[in-house]
Amino acid sequence: MELTAVDRRLLAALEDGLPLVPRPYAEIGRHCGLDEASVLARLRAMIEAGVIRRFGLVLHHRALGYRANAMVVFDLPDERLRPAAEILSRLPFVTLCYRRPRRPPLWPYNLFCMIHGKERRRVLERVDEAVAAAGIAAAPRAVLFSRRCFKQRGPRYGLLASGKAA
Amino acid sequence: MDALDRLLVNRLQGGFPLAERPFAEVARALGTDEATVIRRLARLREEGVLTRFGPLFDAERMGGAVTLCAMEVPPARFEEVTAIVNAFPEVAHNYEREHRFNMWFVLAVADPAEIPGVIGRIERETGLPVLNFPKEREYFLELRLDA
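Taken in sequence, the protein lines are chains A and B.
This note's numbering applies: residue 1 is where the first sequence begins, and numbers increase by one.
This note's numbering applies: residue 1 is where the second sequence begins, and numbers increase by one.
Chain A with its partners taken away, still in its complex shape (with noise of 0.2 Å):
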């Protein structure tokens, strides 16, 4: 979707969320200079074309007692992951899943998953139910548990839309 000047300002007045405000799109239109209908128009378009991929709240994690996430990594020849993949991100414990590249000899894994749980050990219960339902407990694999989470915000959609590519 090309994103016009009107759309970067949008975004701009959008960083920060939603105003919690009893009509919060007239309240984002008044900082960027467009009218109620059009912020609401503009949002809808940016929906259907996939350039707002969700719309609601973002959790903190942590705040919920979800206080132990792993990532989750694999090396899977290139035939089987796929498959795997497709298994595990339908698991309602895995939130994320992607295929990403080796670095070897440094790092030999190709796919990445987040498993959160409240605590560690039911992360490693779901870790090896995962695996079985996936059927690559055989697979090398690791573990990686988060000590410290420093920073957790979404992309500076500012920062993003002002970039001549937007």
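Keep in mind that the hints were calculated from the coordinates and are not lab data.
If a hint is listed, it holds; no wrong ones were tucked in.
Derived, one-sided and incomplete: chain B residues facing chain A with beta-carbon distance under 10 Å:
#, residue
1, 21
2, 44
3, 102
Quick list of the computed label-pair ranges, beta carbon to beta carbon:
#, chain 1, residue 1, chain 2, residue 2, range
4, A, 103, B, 36, 47 to 53 Å
5, B, 10, A, 143, 24 to 30 Å
6, B, 89, A, 79, 36 to 42 Å
7, B, 33, A, 129, 39 to 45 Å
8, A, 143, B, 89, 26 to 32 Å
9, A, 79, B, 28, 46 to 52 Å
10, B, 72, A, 132, 27 to 33 Å
11, A, 37, B, 77, 49 to 55 Å
Residues of chain A placed beyond 10 Å of chain B at every Cβ, according to the derived structure:
#, residue
12, 9
13, 30
14, 33
15, 141
Being a predicted model, the structure only gives us computed values, none of them experimental.
A virtual CB, placed ideally from N, CA and C, is assigned to each residue, including glycine.
Could you slot chain B onto chain A? The hints should help.
This is chain B only, laid out in the frame that chain A set:
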């Protein structure tokens, strides 16, 4: 969090109404009123349960790029390197993880061509190599947690 907070949080992970009075619509669906929904969301934000409320953009469809990076940071330098890395506005989040590669951060930039430059600056300022793991294929989108 009480029952209404949980309902709100579970319901509002996606599909927020595009309407003049969106909070009133959400309130109707949950059997409460607009002022209550707004007040609850404001409190959840203050308490740090919400990190963001609003649209989540797909950086790639906007012409931008996102990538995951990892570093092996000597434990004695961890705080110093964290401060350097987090000072980059392109760093969207950053986690310490239990592994030889103990720092994992996400870069988000307006133009994919900027990625090597940002990585190069992080390497120069920290004196440490950065491994870049751009995503080649995504098998799932949504981060959805039950409250």
